[in-house]
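Residue numbers (the working numbering), protein chains in the order written: chain A, 1 to 499; chain B, 500 to 755; chain C, 756 to 1001.
These are calculated hints, taken from the structure and not from any lab test.
A hint or two may mislead.
To be verified - Here are the computed lysine-lysine pairs in the DSBU-like style, where the Cα-Cα straight-line distance is at most 30 Å:
hint: 1; chain 1: C; residue 1: K760; chain 2: C; residue 2: K812
hint: 2; chain 1: A; residue 1: K325; chain 2: A; residue 2: K82
hint: 3; chain 1: C; residue 1: K834; chain 2: C; residue 2: K812
hint: 4; chain 1: C; residue 1: K875; chain 2: B; residue 2: K544
hint: 5; chain 1: B; residue 1: K544; chain 2: C; residue 2: K870
hint: 6; chain 1: C; residue 1: K770; chain 2: B; residue 2: K730
hint: 7; chain 1: C; residue 1: K875; chain 2: C; residue 2: K783
hint: 8; chain 1: A; residue 1: K9; chain 2: C; residue 2: K870
hint: 9; chain 1: B; residue 1: K535; chain 2: C; residue 2: K863
hint: 10; chain 1: A; residue 1: K389; chain 2: C; residue 2: K863
hint: 11; chain 1: C; residue 1: K763; chain 2: B; residue 2: K535
hint: 12; chain 1: C; residue 1: K763; chain 2: C; residue 2: K826
hint: 13; chain 1: C; residue 1: K760; chain 2: C; residue 2: K974
hint: 14; chain 1: B; residue 1: K540; chain 2: C; residue 2: K812
hint: 15; chain 1: A; residue 1: K325; chain 2: B; residue 2: K535
hint: 16; chain 1: A; residue 1: K391; chain 2: C; residue 2: K883
hint: 17; chain 1: C; residue 1: K859; chain 2: C; residue 2: K974
hint: 18; chain 1: C; residue 1: K770; chain 2: C; residue 2: K760
hint: 19; chain 1: B; residue 1: K540; chain 2: C; residue 2: K865
hint: 20; chain 1: A; residue 1: K391; chain 2: B; residue 2: K535
hint: 21; chain 1: A; residue 1: K9; chain 2: C; residue 2: K865
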Amino acid sequence: MSKFSAEAKVGLLVVAGIVILVFMSMRVGDIGFSRNGGYSLYVLFDSVTGLAEDTSVEIAGVEVGRVGKIALQNGKALVTLKIRPEIRLTEDVSAIIRTRGILGDKFVELIPGSSTSPALAEGDTIKKTISTIDMDMMMSALGDVANDIKKLTTSLSNVAGGQSGEDALRSIIDNSREMLETLNKTVQENNEDVTRIIANFSEFSEQLKEMGNANSEDIRMIVANVRQASEMVEDLMLGMGEITAKINNGEGSLGKLVNDEETVENLNAALASLKNVSEKIDNGEGTLGRLVNDEETVENLNETLESINDFLAQQERFKTYLDYKAEYLTDTSDIKSYVTLKIQPKEDKYYILQLVDDPRGKKTVTEYTRTDKNGNTTYERVEEVEKDKLKFSAQIAKRYHDVVLRGGIIESTGGFGLDYYLFEDYLKLSFDAFDFDPDTNAHLKIGADFSPIKHIYLTAGYDDFISDNDTDSFFIGAGINFSDEDIKSLMSGISMPVQ
Amino acid sequence: MLRLFEFAGRPFIYLLEEFGRILLFLLSIAAWLFRKPFRLKEILKQMEFVGTNSLVVVLITGTFTGMVLAIQSYYGFRKFGGESLVGATVALAITRELGPVFTALMVTGRAGSAMAAAIGTMRVTEQIDALYTMSVNPVQYLVVPRVVASIIMLPFLTIVSDFIGIAGGYFVGVKLLDINSGIFMARIYDLLVVDDIINGLIKSAVFGFILSLIGCYKGFYTTGGAEGVGKATTQAVVMASVTILVSDYFLTAVMF
Amino acid sequence: MIELKKIKKSFNGQKVLDDIDLTIEPGKITVIIGQSGGGKSVLLKHMIGLIRPDSGKIMIDGVDTTTLGEKELNEVRKKFGMLFQDAALFDSMNVGDNVAFPLKEHTKLKGREIKAIVEKKLLQVGLKDVTHKMPSELSGGMRKRVGLARALALDPKIILFDEPTTGLDPIMCDAVDKLIVKTQQETGATCIVISHDIDSTFRIAHTVAMLYHGKIIEKGTPEEVKATGNPVVRQFIERKVEDNNF
């Protein structure tokens, strides 16, 4: 163990800690995945008892999204479902709240409809919901049953209680016994007949019940419809009779048309030529026909459309940000400012170009060693500070979930940095290390950016904290940032009155 | 009658005085925290002492905590067929409570006591006075680095302990008690959220602050020679442990 | 130049220093004698600002240190070097780092230059090749020497010695006495020594002052003090001699 320096040991533990934290957060949470993209659907349930936000939305047991906000609307529960972008749902999809396991975790299940129905898009509402008997309802139903049973037993006990009740009960029992005995005898005598009768009876009643249950509404409606239909048929017959009479007499335009020989011939000719044209197109004759019939054309067209789509999509993802930040250095009461251009071709990758105005300027150090005649050695350090010189940074950055790794040129020297985003990107902790001069300590900087509202953030930290030139300082500051979209809309807003 | 009050009231007044002294001590720490020079080398040294040197102890306690938790919850859950929840129970209990608290208690025993002993010895051998005579503030030189290092290192120790504890639970649950590994992990992913881990780590940072504050405080105000140092050390461990457990309740009440 | 004016100090209602007026001559060795636990150390700690008086003034080169804030007081303290009773070496550091400590704290010297100064100061107190030893490996006398080297590191104008010979064997006592005298001669610093060792006191002192029941009851050259008529002082001097024989 003693082979490692204190720095190495502490560093190892810190790195291991960060790795474990990121690993566990990634495995446990769904940071960065479900929040990116996807679309929201709404659904109205009568009751969402036990359903929590951020529980899963499933189709056939596969998670396709998460439950978003749950709100009240007109006495019903309005639930937002955040569905993954690649999941296509149609209008006739239905939603059910289901219970998982005996512990009763609630989730939303979607039952897809036919694939031919129109697709649902962002903001649409799922109209079909199926209410299921959940544990609560079952429990309350069971409670009712229990109550009934209790009532029954109460009245029974009332009846049975007391001397008179007891007497009555005894006589009932006696009667019953007698009856049973008689019945028994009868049954034994007529065994076969009775069996048959009972069977028939049960069959009949079964059928009756089925019919009555299943079709009572239908039957009633059919009867009504038949009645209505027969009335209409009667009317129709009357009208038809009149019309045919008129046509036959050549009255009215239709009558004339039908009766005129010439018209009929013209019509036939027109139909024939139309048929001819469509046949030609079908056979690939003529330009239009060729176009329509050529497979290649269709493919080309499709490809073109696709590539246009791709291009547009890429343009969509390609973002640019402009950022200005000022840091007030508490030790020297100076302001260090940064202008940053961030180019982000992909969601998780970007480039940083930055100009830094550092009041401490650029420092160059020269060290002289002199030996005088007595053999004493003296050291002299000459430090030159060029004020008013801008420093330049160019970094490439890649984001892994909540962690951004950066590297490249930082303040005109080589360096690297690390950002850690917290609380849905409201807070950014960052660490920079650069200026690795072997003679002096590297320039290290830690800081935190907090962005309470869009476009604006506050920053604080400790710059150059292991400096051996006494340039270390706390800083506080603020910054603003805009994306190209913001700038565009800002520009159009400005130019409007000019037009 | 008056004496009775005096008798009953004395511990209470003593407690108040102690509390007041700690607050004053805390104020001077806060004041020196932002004054130059910043003793990064000292902080690093303390980070090694509090952090990496406590790692083995923390790893051992973490592993066995997870293991015993898995066994106990297994026997409980088996009674109604909920064995699948063993993983989640272990993970939740460790990330929220046991990881931060046990880590803090172990570090208190190891590093908190050492802080009290080291600073206490420096007090009784006039090393603290020597610092003053050399124009170095002992709070800044001795106390601030220990407090800062503890606040920084405790979360790192805790996350390692969390991980190894869940791994211990996994070993017992899956390898020894034959719970299906897929279900074991799936329940953890279902029920554990990032906030559980993060809140546990925030807690541990607070515990780090408490144990270093009390360790340094007891050491700093040591009197009575070598015997006094021993007393200060014992008191520091007891007081820090109790404070950690009490504050744990309030932190939990506020956070979850 | 150190002047104490009407210094009063009590601990828990018990008067330790009662109206002390004392002027220390610069560039001389002043020894303050008195009984153990009689407030000598307290008096010394007042001079360097470790303890603040209940009332009175402490003038260091014309500045009253009793009213200074910590920052200004630290500037004044840089004029001082103090050797504690048990040397008060930092036991987490080796000898070299102990001596280098004030240099690292208060100068911008590079490592090599500090190393050179440390060697020089250790040589000055008669130590060689000890820089890598830990304080726990040293004997009492060596610890005092290292403590003195550390006190001398910043070339102080005033050096305070708290019971430098306590706990040392007679030979070592003699060596330490010689070291104090030699150091004073080489640096020309003002030395203030607290002692209850009469023999040692008369060997090194330019001026002797006696503290008794919170007051300075005698002050003068060793000869004057030896010839004093004050019975308390006489008793102290003579009893001390007897004690040594015993």
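Status of each hint after checking the structure:
{"no.": "1", "hint": "C:K760 - C:K812", "result": "holds, 5 Å"}
{"no.": "2", "hint": "A:K325 - A:K82", "result": "violated, 36 Å"}
{"no.": "3", "hint": "C:K834 - C:K812", "result": "holds, 18 Å"}
{"no.": "4", "hint": "C:K875 - B:K544", "result": "holds, 29 Å"}
{"no.": "5", "hint": "B:K544 - C:K870", "result": "holds, 22 Å"}
{"no.": "6", "hint": "C:K770 - B:K730", "result": "holds, 29 Å"}
{"no.": "7", "hint": "C:K875 - C:K783", "result": "holds, 23 Å"}
{"no.": "8", "hint": "A:K9 - C:K870", "result": "holds, 28 Å"}
{"no.": "9", "hint": "B:K535 - C:K863", "result": "holds, 15 Å"}
{"no.": "10", "hint": "A:K389 - C:K863", "result": "holds, 28 Å"}
{"no.": "11", "hint": "C:K763 - B:K535", "result": "violated, 35 Å"}
{"no.": "12", "hint": "C:K763 - C:K826", "result": "holds, 24 Å"}
{"no.": "13", "hint": "C:K760 - C:K974", "result": "holds, 15 Å"}
{"no.": "14", "hint": "B:K540 - C:K812", "result": "violated, 39 Å"}
{"no.": "15", "hint": "A:K325 - B:K535", "result": "holds, 26 Å"}
{"no.": "16", "hint": "A:K391 - C:K883", "result": "violated, 50 Å"}
{"no.": "17", "hint": "C:K859 - C:K974", "result": "violated, 39 Å"}
{"no.": "18", "hint": "C:K770 - C:K760", "result": "holds, 16 Å"}
{"no.": "19", "hint": "B:K540 - C:K865", "result": "holds, 16 Å"}
{"no.": "20", "hint": "A:K391 - B:K535", "result": "holds, 27 Å"}
{"no.": "21", "hint": "A:K9 - C:K865", "result": "holds, 27 Å"}
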